[in-house]
Each structure stands twice: as structure tokens, then as C-alpha cells.
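K.L.:
Throw the hints in and build the complete structure from the sequences for me.
Going down the list, the protein sequences come from chains A and D.
In terms of my numbering, the numbers along the first sequence are unbroken and rise by one, the last being 324.
In terms of my numbering, the numbers along the second sequence are unbroken and rise by one, the last being 418.
Since the hints were derived computationally from the structure, they do not count as laboratory data.
Heads up, some of the hints might be wrong.
[Stated by the list, open to error] Covered by chain D, per the in silico footprint, the following chain A stretches (three or more residues, Cβ under 8 Å):
id, stretch
1, 42 to 50
2, 154 to 162
[What the hints assert, rightly or not] Distance windows between CB atoms, simulated:
id, chain 1, residue 1, chain 2, residue 2, range
3, A, Q76, D, K388, 27 to 33 Å
4, A, G46, D, G366, 38 to 44 Å
5, D, P272, A, E302, 36 to 42 Å
6, D, P139, A, K311, 52 to 58 Å
7, A, Y281, D, G366, 40 to 46 Å
8, A, T309, D, Y368, 31 to 37 Å
9, A, R184, D, H175, 47 to 53 Å
10, D, W286, A, L138, 41 to 47 Å
11, D, A386, A, G112, 56 to 62 Å
12, D, R326, A, I305, 52 to 58 Å
[Stated by the list, open to error] Listed below are the simulated DSS-like cross-link pairs for lysine-lysine, each with C-alpha atoms no more than 25 Å apart in a straight line:
id, chain 1, residue 1, chain 2, residue 2
13, D, K74, D, K143
14, D, K301, A, K139
15, D, K388, A, K292
16, D, K301, A, K292
In this text, a Cβ means the ideal position worked out from N, Cα and C, and glycines have one as well.
Take a look at the letters that make up each chain.
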Amino acid sequence: MRSPAGVAIRAVIAAAAIAAAVGCDALKPNEMGPGTTARSTRTMDGKPDFSGVWQANNEANWDLQAHSARAGMVTQAGVYPYEYARVAAAPVVALGAAAGVPASIGVVEGDGEIPYKPEAAALKKENGEHWIDRDPELKCYLPGTPRAMYMPYPFQITQGTNQIQMAFAFSNASRVIHFGKVERPPDLTYMGHSVGRWEGDTLVVDVTEFNGKNWFDRAGNFHSDALHVVERYTLQTPDVIRYEATIEDPNVFTKAWKISMPLYRRMEPNMPLLEYRCIEYAEEFMYGGLRKQQLVKHWEGETMIVDITRKVPPGDKLYEWYRR
Amino acid sequence: MRRRFLEALGVATALSAVVLLLTFAREPVRAQTTQPATPAPEKAGPAPTLPWGVPDLQGIWTRDSDEPLQRPAKYADKATFTDEERAALDRQISEIVGREATEGRRQRGTEQDVGGAYNSAVFTSHLRTGRRTSMIIDPPDGKIPAVTPEEKKRRADMLEFALALMQATDECEKHLPACNGGKYGPPSPRRNEVAPAYVMNAVVGGGGGAINRSDGPEDRGHGERCMAAALPDFGGFRRIVQSRDQVSILYDVGQGQGWIRAIPITNSPHPPKGVHMWWGDSRARWDGKTLVVDVTNFSEKSNYQGAHQNLHLIEKWERVDSETLRYTVTIEDPTVWTKPWTVTHDMKKQSDADNRIYPEPRCHEGNYGMVGLLAGAREADRKYAAGKGPNPATLCLGACGGFAGGFADDGADANPLR
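P.N.:
Structural data, given as C-alpha cells:
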């Protein structure tokens, strides 16, 4: 997943050559939607052009660190008392193999470890065990930075002449990257305050002013409001961004650490950014226990007790299905 | 007892009051700072263009004056105000919203009193009155066209249901404006029915789509659920960023109900009909110096003035000069209105460095009001069942009238531009 530097450099040179050959005037924007490859990789002021619809294609949102596949998003001890023999737990058991967690080689650079302070490591572990209750993603809260960049939903970058704006499908989140002098936001934020600069052909973005309410993934990796992220965006090919984020948070980590991954252009012709406006999808989860007529019959205060009663329709029993 | 209940409902009810402004009356909500951060220079320069030859629409934009969407009946015969009339209206509005609500204006401890929680000190700053008596330019009378017979029926059904849920309240007993069109009576058996529409739009007694019941979040309407942002929108702030083949618009509207929109500049078609979205699917093209955006594929849950999935917008964005962006939108839905109608207004450029736009829609992240409101309603149910509290059907849960937004429901202290 990490290209040798030489390849990246060659790709940039090739991109520059294409840009020079095509020339800005040759562009006919109305004939080219996002996701089209026949496009310049540079803006008219010579900067790499990141505009388009992009998406990570990895397992980072499950866990930034390397991990094996798991039987379920939520698991419980199986009959055999081994950690590797855990089975899917009630909230997802009816979903079978669609509710598992895919394996990953991880996106944390170096030794793959996240340098938690001891007390923070304990909280991370506890977070993971209370994933359903604590992960802001389940409530459709703004995902934060860098998590928004690698959630399994597309996002759109619009690179203007003095700002870059990003629109994310998940929860309709957004970011703007300022260049030059700009007032900070009046309050701390979920998505951070982003100020960019160019280092050659790399866009470097300094992100601060976090409110500390976000996580990095579904594994409980977290940060405080002292988070400071430095992102680096480099066009590896016209359709791949190499994305790096250096993460500092003296409240939580003993030193800075870094994640890196490719972000891929959504190549489908006519690919719009489709909404995932999930507030409504989280309402039952958040407020269901306060309904006059409850849909889930077993709320005890704020505790949702899920009974899995799944009636198999006639003709769909396992052996019947198997015989078809 | 009743007073404690009202306190429990305070946050949510007050929220619904603002939602009333946001979605029901469709007046711009100026919850954030309302004055342009940097005054526009006396003389505007020519409209700038981008290196690839199209107009530059980028920047932070907002209205610098207030014009009603529809022409008020009392100005039916005039399209513009004189400068004297504008000054007089500004004085009148400022006096009304600036006057502290006192015992003489509204009775403390009443449900109407809760609406006044959003007084001038908090949320009801107003822009100066603009030149025109309506933002609607077509039809020429400045009014939204007549609705279709089917829509009339839908609205009547919604109103009837909403009023049935109100009928045992003080508002109906005292013939207050929140019960206009309804009657006082015992709790209606209709309280056990599902509402006749998912989006209870444009009904008296239910601001922002909320109805007088809190059986679940759906009863509270889009506004209190933090889902009120809709297209088109004529209030708040915009930040536009533009590349050769995309336009991105951040809307800072309502109270933390802003949103972002990504528009491809393309000749490619809209997605298949089965793809429905709250803010529709936008496709833009340049027509000379005007960016024309066609918006379709709205959702059944989208709500603009009662239009849902059949809404179709044709927007025009024009950079008039260095300081001015003109937004014109033609709104059509043959299932709702008998003909299309067109709205236009100008926005003024704000300083990028001052960055006076609030980018994060945090309504949902901080929606303690919804929890408080539903929990309060369940507590009221329990107390009533135990014989220790009033019948919940007799309580008004928001949009109960009073001084919501700083104006009275009617009389001398009503909004003169309404």
C-alpha cells in the first residue's frame, strides 16, 4: 500500500507531462463529469488538482491497526473459551456472515503500534468493549478528522482558487481548507479548523481546534481536544491520492504517530455524491426507549434488550434453501 | 405540577419556536451574527472571472437586507418600498422585538410565555428592510401561486388532524391564535392515530411540522429532529468554492442545521428516478455568465412549502459585480402548485479572512431537547396514569403562540412584513 518514492516521483512527472500536453484551454468541463480520467491533473495555477469524488478502500474505519477477521461487529465468548473462538453476539447474530469484520494489514506506519499513555491505553480497551454505546458513528455524529477521510463512504473535494471544500456523504459532514490568514472558529469543532500550504506538489494541511469528541475508528481508538493533525495529500496517479496524517495529542499519546493510505477516485461515469443523511437512522437507537409505543419491546430505561426472534418463512428453511 | 412540566419541555418548546421561523414561516433565521463582518465598499467593481473564463462565484455570501418571501396583503399594489417606508418599518420592527416582554404583554407561567424565551436578547436580531415588498418576482403579484385541489385536500387533512390534537388545550378553550380554525372539546380519539403525512407541513398549531403530541421523534417534525434544512433556502450564509467541473456550497442556516452541497458541472443526466435524496440531485451547466443548476430526485421526506419528491428547481447563480451574487430559483411541483414560481434575491460578499460562517451543523450532536421532550412526555403520561397530573392531551407542546421570535401572533406587535 505504500509506494516506493521513485514510483511516486515518476507518477508526478508523468502527470506534469500530461498537464503540459493537454493545456488548460483544451479542457471542456461540461463534457467531463467527476470520475472521468481524461482530465488535467493540475489546476491552471500549476497545483495538483484534487477535485473529484474519492473514497478509501480499506478497513481503517474498523481498526487503524492490523487485525484478523472477526465473527461479528459485536462478539461474545463462544462455547470454547478461546479469544479466537468468539462468536457473533445478539445485536448482529441474525445477519450471519454479513455482520463480520474484515481483516486488515493496518494503516499505522512504523511498528504499527499507537503510542498510548498507559491510562489512555486502558480507556481505549474499554472503549472497544463498549463500542455500541460510545462510538459517535453509531449516533450519526460528525465523524471528525482524519476519520472522515477513510470511512466507507465517498467524499467530494472541490479545489477552488483560494480554498478547498470537502463534502462527505456520511452525515453530510464538511471541511474547508483555508490558505493564508483566517480567523479561527468561535468554538472548538468536530471536523477541526484546517489551514493548508503547498510543499512542492504536496498539499500539507494543519488541523487544530478539535473538541475531542471523536474517535479514529470502531475499535475505540480516540483522542482528546489537544489533537493536532498534519495531513499530506500527494497525487500518486491522476486517480490515487496518497494520504498521510501525523497525529499528535500529548494528553493521550507519548509521541506523534502517522497513518497513511491511498484514496481512490470513484471512476464511475456520472458519479454524484449521494447522501447518507443518517440522523433519522439513529433515532430509534437513540430515542426508541422514550417512545410511547416502543418498537423494540425490551427497553429498560436506556438499556435496549434485543431478543433475536427470527421466524423463517415457509420454503426458506436452511435445508429447503440448500435443495434449490 | 403543570409548571414543572412546562419547565421540562422548555428547551424543546423553545426550539420549536425557532423552527417555526425556520421552516414554517420561511423567514430567514438569523441565529448567528447578522451584520456583515466587513461593510461593503461604497462602489462595487466589475464581476471577477476565473482563469478558465467563467465568473468567480466564490466566497462567503449573505443577504444584507430583509425582504418578505411573499408580498404582504397590505402592500398588494406596490412592488417596492420608498426609503421613508423602509425607515419606518425598521423603526417599528426594532421597537417590537426590542421591547422586553412584560406581564402586560404575556402572562408568566403560561404556555405562550415559553414562546417568548427566544426574545430579542437571544435570537431575534433583524436585518434592515430591503427595497422590494416580496422576493417572489413571478407571478408578478409576489404571491406563491394557488395550490392544486389535491394539495388543498392534503393541507386540510393535516390541519384537521393537528387541530384535533390541540382541541383539549387552553389555547383552544381561550380561542388563542395557536388554535385558529379549531374548536375546544374533550381529548380527541385521533390522538391515537398515525399522522396523515410523514411531513406535517404548514399547519396551524404545529410549527416546523411538529404536532401537539410527543409519542416519538416523528411527532416533533423535521425542525426538532435537526433535519429542517431544505432547498431552496433564502436565509443564512453560504460559502461557495468552485473548480472547473464542480461547485461546492456550504449552507450555514438555522440553528446548527447547515449542510453542504456538491454540484458537478456536467451534461450527464440525473441519477435513476429511484434515487431519492433530501436535497435532491444537482447538475450544473454554464449558460453564458450564469451557472444554471437543475435539481431533481428529491425525497418523499424533503419538504419545501409542502413540496416533496416531485419538487423541481432551476437555479441561476450570477455574479452581478464584485460585491453581489444574485440567486434566482424557479420552483415547480405540479402536484402542489398550479404553476411554477420564481424567487430572486441578492447576497453580499463577506470577508474570507474574517471567516464569519459557522461550518458545523451540530444541532443533532447537541439535541438534548429531543431527549428532554420525549422523557418529559413519558413522565407526564405516568403521572396522569397515577392520577397525579393533568391529562397530557390538555397540554400544548410547542407552537402555542405568544411572542415566538419577538413578534406577537396578531395585533400591533405582529410582524409588519408578514
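K.L.:
Now look at each hint and say whether the structure bears it out.
P.N.:
These are the hints, each one checked on the structure:
1. 42 to 50: Since 4 is at least three, the answer is holds.
2. 154 to 162: holds (count 6)
3. A:Q76 with D:K388: 27 to 33 Å: Violated: the Cβ-Cβ distance is about 42 Å, outside 27 to 33 Å.
4. A:G46 with D:G366: 38 to 44 Å: holds, 43 Å
5. D:P272 with A:E302: 36 to 42 Å: Once the Cβ atoms are compared, 41 Å apart, the range 36 to 42 Å for E302 (chain A) and P272 (chain D) holds.
6. D:P139 with A:K311: 52 to 58 Å: holds, 57 Å
7. A:Y281 with D:G366: 40 to 46 Å: violated, 18 Å
8. A:T309 with D:Y368: 31 to 37 Å: Check passed, 34 Å falls within 31 to 37 Å.
9. A:R184 with D:H175: 47 to 53 Å: Cβ of R184 (chain A) to Cβ of H175 (chain D): about 52 Å, so the range 47 to 53 Å holds.
10. D:W286 with A:L138: 41 to 47 Å: holds, 42 Å
11. D:A386 with A:G112: 56 to 62 Å: Taking Cβ atoms as reference, A386 (chain D) and G112 (chain A) lie about 59 Å apart, which means the hint holds.
12. D:R326 with A:I305: 52 to 58 Å: Check passed, 57 Å falls within 52 to 58 Å.
13. D:K74 with D:K143: holds, 13 Å
14. D:K301 with A:K139: holds, 20 Å
15. D:K388 with A:K292: Holds, at about 18 Å.
16. D:K301 with A:K292: holds, 23 Å
Checked against the numbered hints listed earlier, the structure breaks hints 3, 7; every other hint is satisfied.
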